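Asker: Chains as they are written, first to last, in this note's numbering: chain A, 1 to 148; chain B, 149 to 475; chain C, 476 to 870.
The reader is advised that the hints may include incorrect statements.
Among the chain A residues that face chain C by a calculated CB cut under 10 Å, a handful are [unchecked claim]:
1. T6
2. I8
3. G11
4. I14
5. R17
6. M95
7. A103
8. M111
Derived from the structure by calculation, the hints contain no laboratory data. Keep in mind it's a predicted model, so treat the numbers as computed, not measured. Just so it is clear, CB atoms sit at the ideal spot from N, CA and C, and this is done for glycine as well.
Here's the letter readout for the chains.
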Amino acid sequence: MKIWGTGILNGFRITMRNWMRGPITVQYPEQRLELPERARWTVTPKYNEDGTPKCTACLICEKECPDHVLRLDVSKLEDGTKHIDKYVYEVGACMMCGLCTAACPFDAIYMSHEYELASRYASDLSRVLLEDVDTASPRRAKKEETDA
Amino acid sequence: MNAAGAVAIRILAMLLLLLVNGVVLIYMLRKVLGRLHIRIGPNRVGPFGLLQTTADVVKLLTKEDLMPESADKWLFWIAPFVVFVPSFLAYLPLAFGPDLAVTRLDTGLLFLLAALSLIPLGVVMAGWASNSKWSLVGGMRAAGQQIAYEVPLMLAVLGPVMMAGSMDLSRIIEAQKNLWFVFPQFIAFIIYIIAAQADTQQTPFDMSEAESELITGFANEYGGMRFGFLFLAEFSNMFIVSALGVSLFFGGWYVPFLTENPVALSLAPLIFMIKTYMGIFVMMWARGSLPRIRVDQLLAFSWKALIPISLSWVVIWACFQRLVLVR
Amino acid sequence: MSDVRLDVSRQPGPRWVLPKGLRRVPEGLDELATEHLILNMGPQHPSTHGVLHVLLELDGEEVQAAEASVGYLHRGIEKLAESRKYHQVGTLLDRADYLAGLHTETAFALAVERLAGIEVPRKADWIRSLTMELCRLASHVVWAGTFGMDAGAMAPFLYIMRDREALLDILEAITGGRMMFNYVRPGGVFADLPAGVDTKIRAFLDVFDTYLEETDALLGGNEIFQARIKNVGVISRDTAMAFGLAGGTMRASGIDFDVRRDMPYAAYTELDFDVPVASGGDCWDRYVVRMEEMRQSVRMIRQLVDGMPEGDFTAKVPKVLRPPAGEMYAAVESPRGELGIHLVSDGGPTPYRMRLRSPAYYNLAITDEAIAGSLIADAVVIIGSLDIVLGEIDR
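Working from the sequences, and respecting the hints, build out all of it.
Answerer: If you want it as structure tokens, here you go:
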């Protein structure tokens, strides 16, 4: 037979038990949680071993992005290959869906684990990923190979 | 030092105790609730977060003093005082040690309960004067609740009064030298803790400031130090009912088996405070663990369950004491 | 152009038009009439789960009539979907019912697959079911915590957050996102299960069994809570049918229907589970039904992790899907009920029309029916027991 009130006393026991288990707080910023490998945060360009970016300015990421967050300004060089004037990324508007990295055929961008994006300045809401660099062009590489 | 000066010093000491209590209790509440909820509570402001309340007080003092345009200005202004001043008055008869009370009133207990009864008036004033429907609902609930639970509170304290033969709190404590009143008066003690939790509007009886319904109930429109007063009054009420419970049921400043020990007697205020804070810890534990009772169930519980039980207990104990325990 | 001027002097002043059902003065009284108080349980409120606006007509503490007014969270998801390609719509649907993003994504993927005739590999079905049941646990656990908070108990809310953190960590390891998953695509899922996730899931489930029973004891075993929610907000079986309720709310009123069992999809034909049904229709029954649903979800997750098949995680779908012209309706059992996507395609790369049938929208329609006659405190508890998410109500 259950006396009225035993449920309440059991509740007291449970809360005290949870007290004894200790807090689960992770004291940020002294302690940080490790993100799993697939966690999607900011879009970051990848580079080759010699420091040149892998991006070929194919503009597929720009078309894939549902919110038009990526913008590439491209110009053509004399030998026909492309030159990236500016690769602008609106971090503040990005929803980190990962569609751009999934669509990139050259594996030139990846979603980093950089989540500490809070800032006091509105200028930090927009980033320039690549500026004034030549694209990784297969045609130029082959030409250099044949030249060498 | 003349008599008036001595009294003034005692009153100032009591005011200081009230303020220090408020600061410590608010910190204690936040830490206790935090630990019960598997989180830490404040720990950044000062070592272990000890300066948190001070920072909050400074914040409250520097806040803009808002009053709703259609509020009743005079009532709105005075309501926090009507809530706070009786709470301070109730500190006066409390006895912290042998000969350590602000005043020794023969009717100290009655004075204390009378002072506590003035608080619902202030709560209703705050709820009405805010001219907001939510505050009004909160104020009305508080009035009904506190009136309903003061009756069992007063009936529950009659048991220790009968056993001690006096309403003076020092004398009641002294009558508990050999046996704490909680053992013979166990039923009165249970009724007392329920009524005390309700009278101070703590969960599970916090209908008047039901946080998930009325946000802060009657204190919705109060900000800055006005809110600080209401908030402080709530915590000092907790201290008062806990101190009263310790005086009436747990032997005040007496340590079992050491009642004649001069060291134990000289540490009387410390022992009293430790016991009071243990009582407050249990109140906070209940606050963190239990859901809220609905307002009609609350009133029904008081009028239909607590009052008949406490009345019967008073009658039974009176008969028992008069007929059986003939001294 | 003639000189047209609007004569404002004779315009009537603003008149407050009350929504239907609310009255200002009680009917049939003599001259000494008391007015009923009309209270806005406004869009900003600690207890309306999201930006919900409920108008209450009160006589003292008793609610005479109630009217829910929604639309504060409308973001135009259905319209935006008309300009997204099929693999991009998932990003929108995550945000509709933000507590059950995977279910909404799956409903859409099912609609597209049925329309386009895409065959989903078995492993993808199993991964979909696994992630959906984990998401269901995460959603129900939030409901349990907020329901406790509505009744005044603060502790369960923090305890479920501990469990939800573990669940979201698992889901982040699988999908890459904690709440906006963007994982289920037409054709299958985006990526395979990472190595080691089954150990994580099993370890979590072992601890979760204890924590679930603790939360149940803390809430359901508490006499005060029981007194608060028993016989409150009774919805009879006929009312539930008439209003088209869904999910746990419907099953607590005695209607035995579950999309997973009766219109199966993904891996549910191969899983062994029970569907809890109660007959009282009050808040207590809704509470019991959802607690039992959580236990059944744990049972299902164990079966899914133990029996995960090998295979492809997605079928081969073209980069830009163009389903043939036509319409299709696909439904899944989200934590709130039958969540359906009605898709109309015109053969192009974007949907012509996508309509989201959100279960919480229909659940919310019984506010007047269920709340009228109870107290304000009960109104809060009843709305909490319906388990509404404003994101899918307002879309």
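Asker: Of all the hints given earlier, name the ones this structure violates by number, lowest first.
Answerer: none
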